[in-house]
Amino acid sequence: MHLFFLAVEVTIGGMRIIASAHSSFPRVGDRPEEQKLRRAFAGLEKGKITEAEYKSAQDELISEILTIQESAGIEIVTDGLIRWYDHASHLARNLNGFEINGLLRFFDTNTYFRQPIISDKISGGNGAMADEAGFLAEKTSRTAKAVILGPYSMMRMSQNSSSINREELIEKLGTIIGSEISRMGAAGAAIVQVEEPFLIREPGGFDLFAAGFKALNKARGNTPILPAFYFGDCGKILDRLVDLPADILGLDFTYSPGLLEKIAVDGFPKPIAFGIIDGRNTRMESAGDIARAIEKAMVRIKGDTCHITSSCGLEFLPRDYAIAKLELTSKTAKLLNG
Amino acid sequence: MSRELLNRLGIEIPLLPTTSVGSFPKPPYLTKARSDRKKELISSDDLYNLEQQATKEWLDFQESIGMDILVDGEMYRGDMVAYFAEIIPGFDPGGLVRSYGNRYYYKPIIKSKLKYPGPMTVEWWKRAQTLTKKPIKGMLTGPYTIMDWSFNEYYPDRAAASYALAELIRDEVSELIGAGCKIIQVDEPAVSVRPEELEIAKNALQIVTEGQNAYFITHICYGAFEKIYPAMLDLPVHNFDLELSNSDLDMLEHFARHPFTKDITFGVVDVHTHKIEDVELIKTRIEQALKYLPKEAVWIDPDCGLKTRTVEESKQKLSNIQAAVEAVRAELQE
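So the protein sequences, as listed, match chains C and U.
Going by numbering that gives the first Met the number 0, the first sequence opens with residue 0, and the numbers climb by one from there.
Going by numbering that gives the first Met the number 0, the second sequence opens with residue 0, and the numbers climb by one from there.
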């Protein structure tokens, strides 16, 4: 049985709330001892350390980040995505048939990604992402959540230089990414978060997204998935997400005015990962206020397990604030669980 | 085209004037000195002297290759937002946030009401201008970008924070003009990322520039220009300094559909690659640009600040830009 289903035993009113890390975590802090990976990266670029030594530095940092999450009371943990250069190029590098191009801004952040270029020869991966999931699962006794970019966002973040049309491409990417998810699950990931930030900004792309997701679902096997939508108003697509073949939906409530109230009134037939702790601002919310806000929606949700997490990955915050947000997440979960 | 304004300000520029976006890499001795200063191994005066030395070296280099509008290279600044946030009361220094790869910046936090602290860049501009007869740009970060690249714990919303910052930057612009600065660049790289907030950026820049007697440039980069073009032409500046080569000049298609109505500083080399673009490639890019833009309106520079490159790479890129521009000028005059 996956750890996902064992993570929290407390139940109040039939609904369990699990404190979860969203995805990324700051890979450096402000203090010199918190900048080992930065120094290792610089050493790698200058040829002073080997790839293997750099990987060891990554491994060490992942262990530290897991300790931080566990100490903060987080039940569903990630590796902080610290091996990723960025969402798109990390996936592209670990699949076949992609080249990596110049920098583009990642939404309205001051963070950038390298744009993949899609060729006619795209195909499944080299197993590196499954190895990463396996490492995470091995290093934690908590629920291991691996993360991958979804087919729609991958297509939108890439340049299509192939002869494949959009409809064929989205299905192909869905199948390739679904296979990766299957391998990540087999390697030990209890659940895989499929990030689709582009969809909310482009609700008109839903049919294309759905086609990609259908292919992904077919290829993912038994691995539980959590499609995550952030950086936009999830209320615009909520009704269409209901039928998505997913175990739980990750929604960003900081960009979605009125969404909690809508769910409190209409209910929702699927578990939700409440992305409600603001991952984009240092301002600290009150656990009590957030718990009160969620409570009314929570009782209208069908299912027995929901997650509480940040609105997006925490890498957009300085590390000390990211830690404080993790602590806030688990404090809020405790309040909700009674 | 604003050559008339530049003439009125007493500035003469050739066809396709060459310039830089703003920052240059710090020479290794200055990088070490900044690190030593943090550890209090050297005095602030020692650091200041080395910053002056590096500034002079970069000015000498720009003059030596024949560049037209110079920059001081920002040897005394770390990050373009953090520099101002460290000076302006109301900011907390915040902490390190990753930008890409192994690049991190200090993202500050607006904790209380922001106040103008007095001139922040004027002494550096004045000192640099005494070292050359060529015009040196005044370099400021724009209010919208400072807001967007900071956390806001004080102001009720993004617009309020932007306008509060705009008042401070306006004061700095007045100080620069008072000191004799004629060309002022207000960098707004964040302006293209939330098209729905273009109006906020425009209002903020209006506060900064309205009634100020200078030629204004804004630098915008690494965003979805196509989403704010041609509306962005309404921003109250005379010249748009744009990153164009990183994205394979794809904005030219948009310029073909909607003519560019202001001056443009056209980025012709990628600043995020170690590869040095050769003169022929840069020349081709300029020629491409001139198919869509009137030659009197075009300035030439790199895509963005060069501070992420090495000193040697930066010098090679700038030298090749200058050589390419001179070759194109010669052809245009034939």
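Bear in mind the hints are in silico, worked out from the structure with no lab data behind them.
Mixed in with the good hints there might be a few duds.
Think about it this way: if two alpha-carbon atoms lie no more than 30 angstroms apart in a straight line, the pair counts; the simulated DSSO-like pairs of lysine-lysine are [unchecked claim]: (1) Lys226/U <-> Lys235/C; (2) Lys274/U <-> Lys35/C; (3) Lys37/U <-> Lys35/C; (4) Lys35/C <-> Lys201/U; (5) Lys31/U <-> Lys45/C; (6) Lys112/U <-> Lys47/C; (7) Lys45/C <-> Lys55/U; (8) Lys261/U <-> Lys45/C; (9) Lys261/U <-> Lys314/U; (10) Lys31/U <-> Lys47/C; (11) Lys261/U <-> Lys54/C; (12) Lys38/U <-> Lys47/C; (13) Lys37/U <-> Lys45/C; (14) Lys47/C <-> Lys226/U; (15) Lys274/U <-> Lys45/C; (16) Lys226/U <-> Lys171/C; (17) Lys54/C <-> Lys31/U; (18) Lys235/C <-> Lys55/U; (19) Lys35/C <-> Lys55/U; (20) Lys45/C <-> Lys181/U; (21) Lys37/U <-> Lys120/C; (22) Lys330/C <-> Lys110/U.
Facing chain C, according to a computed beta carbon distance under 8 angstroms, are these residues of chain U, among others [said to hold, decoys possible]: (23) Gly94; (24) Asn101; (25) Lys106; (26) Val121; (27) Glu122; (28) Trp148; (29) Phe150; (30) Pro155; (31) Gly210; (32) Phe224; (33) Asp269; (34) His273; (35) Ile275.
Keep in mind it's a predicted model, so treat the numbers as computed, not measured.
Think of the CB as a built atom: it goes at the ideal place given N, C-alpha and C, for glycine as much as any other residue.
A quick look at each hint next to the structure:
1. The straight-line distance between the Cα atoms of Lys226/U and Lys235/C is roughly 21 angstroms, inside the 30 angstroms bound, and the hint therefore holds.
2. A distance of roughly 28 angstroms separates the Cα atoms of Lys274/U and Lys35/C; the hinted pair therefore holds under the 30 angstroms criterion.
3. Of the supplied pair hints, the one linking Lys37/U and Lys35/C holds, its CA atoms being roughly 18 angstroms apart against a limit of 30 angstroms.
4. Note on Lys35/C and Lys201/U: the hinted pairing is violated, with a Cα-Cα distance of about 41 angstroms set against a maximum of 30 angstroms.
5. The hinted pair formed by Lys31/U and Lys45/C meets the criterion: a straight-line CA distance of about 17 angstroms does not exceed 30 angstroms.
6. For the proposed pair Lys112/U and Lys47/C, the alpha carbon gap of about 46 angstroms is over 30 angstroms, so the pair is violated.
7. Between the alpha carbons of Lys45/C and Lys55/U the distance comes to roughly 28 angstroms, so the proposed pair stays at or under 30 angstroms and holds.
8. This hinted pair does not check out: Lys261/U and Lys45/C have alpha carbons roughly 43 angstroms apart, beyond 30 angstroms.
9. Among the hinted pairs, Lys261/U with Lys314/U is consistent with the structure: their alpha-carbon atoms are about 29 angstroms apart, no more than 30 angstroms.
10. This hinted pair checks out: Lys31/U and Lys47/C have alpha carbons roughly 19 angstroms apart, not beyond 30 angstroms.
11. At most 30 angstroms may separate the alpha-carbon atoms for a hinted pair to count; Lys261/U and Lys54/C exceed this at roughly 49 angstroms.
12. A threshold of 30 angstroms between alpha carbons decides the hint, and for Lys38/U with Lys47/C the separation of about 24 angstroms falls inside it, so the pair holds.
13. A C-alpha spacing of about 24 angstroms is found between Lys37/U and Lys45/C, which places the hinted pair at or below 30 angstroms, so the restraint holds.
14. The suggested pairing of Lys47/C with Lys226/U is violated, with an alpha-carbon distance near 43 angstroms, which exceeds 30 angstroms.
15. A hinted pair counts as satisfied when its Cα atoms are at most 30 angstroms apart, and Lys274/U with Lys45/C qualifies at roughly 16 angstroms.
16. Proximity of Lys226/U to Lys171/C is assessed by CA-CA distance (about 29 angstroms); at most 30 angstroms being required, the pair is judged to hold.
17. Using a Cα cut-off of 30 angstroms, the hinted pair Lys54/C and Lys31/U holds, with the two alpha carbons roughly 28 angstroms apart.
18. Taking the CA atoms of Lys235/C and Lys55/U, the gap is near 55 angstroms; set against the 30 angstroms cutoff, the hint is violated.
19. With a CA separation close to 35 angstroms, the supplied pair Lys35/C and Lys55/U exceeds the 30 angstroms bound.
20. For the proposed pair Lys45/C and Lys181/U, the alpha carbon gap of about 42 angstroms is over 30 angstroms, so the pair is violated.
21. A threshold of 30 angstroms between alpha carbons decides the hint, and for Lys37/U with Lys120/C the separation of about 51 angstroms lies outside it, so the pair is violated.
22. For the hint pairing Lys330/C with Lys110/U, the CA-to-CA distance comes to about 25 angstroms; that is within 30 angstroms, so the pair holds.
23. For Gly94/U, the shortest C-beta to C-beta distance to chain C is roughly 2 angstroms, which falls under 8 angstroms, so the interface hint holds.
24. A cut of 8 angstroms between beta carbons decides the hint on Asn101/U: the least distance to chain C is about 4 angstroms, and the hint holds.
25. Taken as an interface hint, Lys106/U checks out: its beta carbon lies about 7 angstroms from the nearest beta carbon of chain C, inside 8 angstroms.
26. Here the hint on Val121/U is broken, as its CB sits about 27 angstroms from the closest CB of chain C, past 8 angstroms.
27. Against a cut-off of 8 angstroms between C-beta atoms, the interface hint on Glu122/U is violated, since the closest Cβ of chain C lies about 28 angstroms away.
28. Checking Trp148/U against chain C by beta carbon gives a least distance of about 5 angstroms; that is within 8 angstroms, so the hint holds.
29. Taking 8 angstroms as the C-beta contact cut-off toward chain C, the hint placing Phe150/U at the interface holds, the least distance being around 4 angstroms.
30. Taken as an interface hint, Pro155/U does not check out: its beta carbon lies about 12 angstroms from the nearest beta carbon of chain C, beyond 8 angstroms.
31. Checking Gly210/U against chain C: minimum C-beta separation of about 31 angstroms lies over 8 angstroms; hint violated.
32. Nearest Cβ of chain C to the Cβ of Phe224/U: about 11 angstroms, over the 8 angstroms cut. The hint is violated.
33. With a cut of 8 angstroms, the hint placing Asp269/U at the interface with chain C holds, because the nearest CB-to-CB distance is about 7 angstroms.
34. For the restraint placing His273/U at the interface with chain C, the shortest Cβ-Cβ distance is roughly 10 angstroms, beyond the 8 angstroms limit, so the hint is violated.
35. Checking Ile275/U against chain C by beta carbon gives a least distance of about 16 angstroms; that is not within 8 angstroms, so the hint is violated.
Checked against the numbered hints listed earlier, the structure breaks hints 4, 6, 8, 11, 14, 18, 19, 20, 21, 26, 27, 30, 31, 32, 34, 35; every other hint is satisfied.
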